Amino acid sequence: MSILWRGVGEQLHDSELRALKAGDEDAFSALVQRFHGSLIQLAMGYVKDRAIAEDVVQETWLTCIRSLDRFEGRSSLKTWIFGIALNIARSRGRKERRILPFASLFRREDGTSGPTVDPERFGADGMWKTLPEGWSNLPEARVLGQEAMTRVREAIDALPAKHREVIVLRDVAGFDADEVCGLLSISPENQRVRLHRARAAVRKMLEDYLS
Amino acid sequence: MKCRDVVELMTDYLEGAMSAAERARFEDHISGCDGCRAYLEQLRATRRVAGSLASEPVPEALQQELMNAFKDWRAGSGKPQV
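Note that the protein sequences, when read in sequence, are chains A and B.
To convert a position in the first sequence, counted from 1, into this note's numbering, add 1454.
To convert a position in the second sequence, counted from 1, into this note's numbering, add 53.
Quick caveat, the hints were computed from the structure, so don't treat them as lab data.
Any given hint could be a false lead.
As the list claims (entries may be wrong) - If you want the footprint, here are the derived chain B segments under chain A, 3+ residues with CB under 8 Å:
1. 57 to 66
2. 84 to 98
3. 107 to 120
4. 123 to 129
All of these numbers come straight from a predicted model, not from anything done at the bench.
All C-beta atoms in this analysis are idealised placements derived from N, C-alpha and C, irrespective of residue type, glycine included.
All chains, full assembly: derive it from the sequences and hints.
Now the structure itself:
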């Protein structure tokens, strides 16, 4: 597993928890910054706009602060924080859905079965008809630029909830597979299937943008 | 192996969830297939772009509010100033 894409996936050390419990402002501030993008992206999957996602993130941290003295470190600090965020985001999402239009109840739950690549891309022999392009020749600034990030963010937001949770926790927040299975109470196979469908859908969107 | 099937195995491959035999068959196909190699590379790039979403600055007001809440908690729990 490459270090590069793990992002914020590195383990938090016990010393960080001790610093936090001791009231170390710098330690707290560093955590808030480190997880902000991941927490926002996670929350965006459940609520309708960014302002509410920020509320969810705020409530997450306030809950963490209130519960810090009781946290014994049985899970990693990061898992604990994201578990709290998931609960808050889901409950906020449930409240919102009660007041959203009926149609939004059925939003984006397609794409949960069938092939992840358009069958038209393959010939009768099952081999590529039109080859995918290599992206390694494209300028890094295009593949990893603001516009690509925006497209990927939108593609993730548009995924079915079950796929979205997994790709955000794995690829944005940098949790490993076991941690995600624990956080979402799903089996390793289920985790892999969801991750596969999520990555394939986001890849498709990125391909449309880059080609 | 057919490309159509190989693309559906890519996450199993990246996750290290294949048996040694499956893995050998997969790698054998990939080594001779430009299309599947490109697709695998695209999936890795997708993962990298998603990872870049993690670095996002915290809005000033939110940061301030959270720091105040943290200081209040510390004051309330009788911890020394750090």
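Can you name, in rising order, the numbers of the hints this structure does not satisfy? Of the numbered hints, all hold.
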